[in-house]
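2 protein chains.
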Amino acid sequence: MIAALAGGVGAARLLAGMVQIADPASISAIVNTGDDIELHGLHVSPDLDTVTYTLAGVVDPTTGWGLAGESWQAMDALDRYGGQTWFRLGDRDLATHMFRTQMLRDGHPLSEVVTAVAQAWGVTVHLLPMSDDPVRTRITLASGEEVAFQDYFVRLRHSVPITKVRFDGAEQAEPGPGVLAALDAADAVVVCPSNPVVSIGPILAIPGVRIALERRKATVVAVSPIVAGAAVKGPADRMLAELGHEPSAVSVAELYSSFAGTLVIDEADAALAPRIEATGLRCVVAPTIMVDREAAAHLARAALDAL
Amino acid sequence: MIAALAGGVGAARLLAGMVQIADPASISAIVNTGDDIELHGLHVSPDLDTVTYTLAGVVDPTTGWGLAGESWQAMDALDRYGGQTWFRLGDRDLATHMFRTQMLRDGHPLSEVVTAVAQAWGVTVHLLPMSDDPVRTRITLASGEEVAFQDYFVRLRHSVPITKVRFDGAEQAEPGPGVLAALDAADAVVVCPSNPVVSIGPILAIPGVRIALERRKATVVAVSPIVAGAAVKGPADRMLAELGHEPSAVSVAELYSSFAGTLVIDEADAALAPRIEATGLRCVVAPTIMVDREAAAHLARAALDAL
Numbered sequence: 040m041i042a043a044l045a046g047g048v049g050a051a052r053l054l055a056g057m058v059q060i061a062d063p064a065s066i067s068a069i070v071n072t073g074d075d076i077e078l079h080g081l082h083v084s085p086d087l088d089t090v091t092y093t094l095a096g097v098v099d100p101t102t103g104w105g106l107a108g109e110s111w112q113a114m115d116a117l118d119r120y121g122g123q124t125w126f127r128l129g130d131r132d133l134a135t136h137m138f139r140t141q142m143l144r145d146g147h148p149l150s151e152v153v154t155a156v157a158q159a160w161g162v163t164v165h166l167l168p169m170s171d172d173p174v175r176t177r178i179t180l181a182s183g184e185e186v187a188f189q190d191y192f193v194r195l196r197h198s199v200p201i202t203k204v205r206f207d208g209a210e211q212a213e214p215g216p217g218v219l220a221a222l223d224a225a226d227a228v229v230v231c232p233s234n235p236v237v238s239i240g241p242i243l244a245i246p247g248v249r250i251a252l253e254r255r256k257a258t259v260v261a262v263s264p265i266v267a268g269a270a271v272k273g274p275a276d277r278m279l280a281e282l283g284h285e286p287s288a289v290s291v292a293e294l295y296s297s298f299a300g301t302l303v304i305d306e307a308d309a310a311l312a313p314r315i316e317a318t319g320l321r322c323v324v325a326p327t328i329m330v331d332r333e334a335a336a337h338l339a340r341a342a343l344d345a346l
Numbered sequence: 040m041i042a043a044l045a046g047g048v049g050a051a052r053l054l055a056g057m058v059q060i061a062d063p064a065s066i067s068a069i070v071n072t073g074d075d076i077e078l079h080g081l082h083v084s085p086d087l088d089t090v091t092y093t094l095a096g097v098v099d100p101t102t103g104w105g106l107a108g109e110s111w112q113a114m115d116a117l118d119r120y121g122g123q124t125w126f127r128l129g130d131r132d133l134a135t136h137m138f139r140t141q142m143l144r145d146g147h148p149l150s151e152v153v154t155a156v157a158q159a160w161g162v163t164v165h166l167l168p169m170s171d172d173p174v175r176t177r178i179t180l181a182s183g184e185e186v187a188f189q190d191y192f193v194r195l196r197h198s199v200p201i202t203k204v205r206f207d208g209a210e211q212a213e214p215g216p217g218v219l220a221a222l223d224a225a226d227a228v229v230v231c232p233s234n235p236v237v238s239i240g241p242i243l244a245i246p247g248v249r250i251a252l253e254r255r256k257a258t259v260v261a262v263s264p265i266v267a268g269a270a271v272k273g274p275a276d277r278m279l280a281e282l283g284h285e286p287s288a289v290s291v292a293e294l295y296s297s298f299a300g301t302l303v304i305d306e307a308d309a310a311l312a313p314r315i316e317a318t319g320l321r322c323v324v325a326p327t328i329m330v331d332r333e334a335a336a337h338l339a340r341a342a343l344d345a346l
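Going down the list, the sequences are from chains V and G. Going by the numbering used here, the residue at position 85 of the first sequence is 124; the numbering climbs one at a time, nothing skipped. Going by the numbering used here, the residue at position 158 of the second sequence is 197; the numbering climbs one at a time, nothing skipped.
Same shape as in the complex, but just chain V (with noise of 0.2 Å):
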């Protein structure tokens, strides 16, 4: 059994790789619905569709996210009326939002929702939001403005320096049916490796989980997002600097060690790993760039190795 904390395209690929290892359906994996967004009156779970969309092997292998092959009718028209079409939404992907609100409006926790459109897609790992409780990631702009996750992410295209990052709801959420059994349960904890800040951040707000994490430490191996001192993807290094810590693999130890007792880092940054190893950390030194599915699956394999 196995447990990984996701965000969205890291964590999708991580998982992509680790279903060639491991049976998926011994896989819990845990999603971020901090950066979950109501557009147009739909409920959009980009991290949840984006890990969902990857294992299905239907996601838009450029952007990571999305369905590929998306047409864009609905956008094309909702610009016509000078609506908000900075959060671009496929035709086909409409229709996991349109169910995914329905299903909502109906009584449905999120949990049940997602386990609907896994079903649908043929995925057999079993995606558990972080909660069926609303949890919103704020930001907090150097303007001193607050805006909602997406707002910096997507709209502002998180190119504005931030000064504070908080997750709306968390402490008065449940962690998602299954989540505190799922980390109990399994043989491994892998935390893939997502934004540590904005991805990781809004599941360890959830009561329980991080003290659950805490009581295993040792089996939670973490993989880190930043390489040679830049995010694999998004704005990860940037949100580490503008929050006081170095932007390098050092800090996403530093962040982690009361929780994880492994790190792996990138080759490129197999100089760190003494700094790393100073935090408590193990640190084990793999190639962390995951070009394809094969390279995602020796990187599933080097963080389950580690332990």
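Possibly wrong hints are sitting among the right ones.
[Unchecked claim] Some chain G residues judged to face chain V by a derived CB distance under 8 Å, without partners named:
| no. | residue |
| --- | --- |
| 1 | 156 |
| 2 | 296 |
| 3 | 298 |
[As the list claims (entries may be wrong)] Calculated Cβ distances over 10 Å to all of chain V for the following chain G residues:
| no. | residue |
| --- | --- |
| 4 | 76 |
| 5 | 81 |
| 6 | 82 |
| 7 | 123 |
| 8 | 172 |
| 9 | 203 |
| 10 | 211 |
| 11 | 258 |
| 12 | 307 |
| 13 | 328 |
| 14 | 340 |
Think of the hints as simulated: they come from the structure by calculation, not from any bench. We treat Cβ as the ideally placed atom computed from N, Cα and C, and that holds for glycine.
With chain V held as given, fit chain G onto it using these hints.
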């Protein structure tokens, strides 16, 4: 100045005729919203959209609703999930519902949404929702079950007998901005050839509308949607019969006699003229089947000339 009471396809076609013989900006169309429905979290206003798309010249000419040349990627994808696809929403049409829903969420009343959508399509007829407040047509089936209008009309394909129609929320609803003013200021009021029970009925149920018509009854002209005992489109004939009315233009006259001065009936029904005049309405016979834009313009002219 002309005011029109409008349902869906029949009304839209008559209005598309009217704009050929009168300044579109001098026409106010008061449109039924009792058919509105929330689907997948999206606010859908079928009659308003049918009127808008038709006046914009972009309506699907075969069905009379939706957009011509539409694609159906979202609906096809929704089928994968076993989602609700009985109410077909095309990809570009979805943008209208997304835009509407977002504006409503942002606190704008429906009337402002309607104006924005009409402007985007270059429609200069004043489109006025009958109310900004939610009014929902509810249908009691012969089985005793009460369902939402679209459940009866689309999901059940109006193929089951009914015993009752009511307009939930109508008593508490206020007329939409400009509705009563348009009815008072117009030189002529045209009741379009829409279903008397479920298209015109909800508009009449808005407090103040019926009395505004009664006050100016002599210059209110209605066009019968029933021709030779059958509805030109939809279940109006069966609904009339099931609710205890004769399925003919005579029933339309009876239903409208308190507030309309004139009824335009089809040439096929010329023999009904004496029975219609017995209800107190003047009766005008004209070709009422709008086979093309010219026929629609002729009918609009006949209706206005009848006053």
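Here's how the hints hold up against the structure:
Here the hint on residue 156 of chain G is kept, as its CB sits about 7 Å from the closest CB of chain V, short of 8 Å. With 8 Å as the threshold, the beta carbon of residue 296 of chain G stays out of range of chain V, its nearest partner Cβ sitting at about 42 Å, so the hint is violated. The beta carbon of residue 298 of chain G comes no nearer than 36 Å to any beta carbon in chain V, farther than 8 Å, and the hint placing it at the interface is violated. Interface exclusion of residue 76 of chain G from chain V stands, the closest Cβ pair being 12 Å apart, more than 10 Å.
Under the 10 Å C-beta cut-off, the non-interface status given to residue 81 of chain G relative to chain V is violated; the minimum distance is some 5 Å. Against chain V, the non-interface label of residue 82 of chain G is violated: not every CB pair exceeds 10 Å, the least being about 7 Å. Some Cβ of chain V comes within 10 Å of the Cβ of residue 123 of chain G; the nearest lies about 6 Å off, and the non-interface call is violated. With a closest Cβ-Cβ approach of about 19 Å to chain V, residue 172 of chain G is found to remain outside the 10 Å limit, as its non-interface label requires.
At the 10 Å boundary, the C-beta of residue 203 of chain G stays outside the reach of chain V, the nearest C-beta of that chain being 26 Å off. Against chain V, the non-interface label of residue 211 of chain G holds: every CB pair exceeds 10 Å, the least being about 23 Å. Annotated as non-interface, residue 258 of chain G keeps its C-beta farther than 10 Å from every C-beta of chain V; the closest such distance is 36 Å. Every CB of chain V lies more than 10 Å from the CB of residue 307 of chain G, the least distance being 40 Å, so the non-interface label holds.
Every Cβ of chain V is farther than 10 Å from the Cβ of residue 328 of chain G; the closest lies at roughly 32 Å, confirming the non-interface assignment. Distance check on residue 340 of chain G: its Cβ is at least 32 Å (rounded) from any Cβ of chain V, clearing the 10 Å threshold; non-interface status holds.
Comparing the model with each earlier hint shows violations of hints 2, 3, 5, 6, 7; every other hint is respected.
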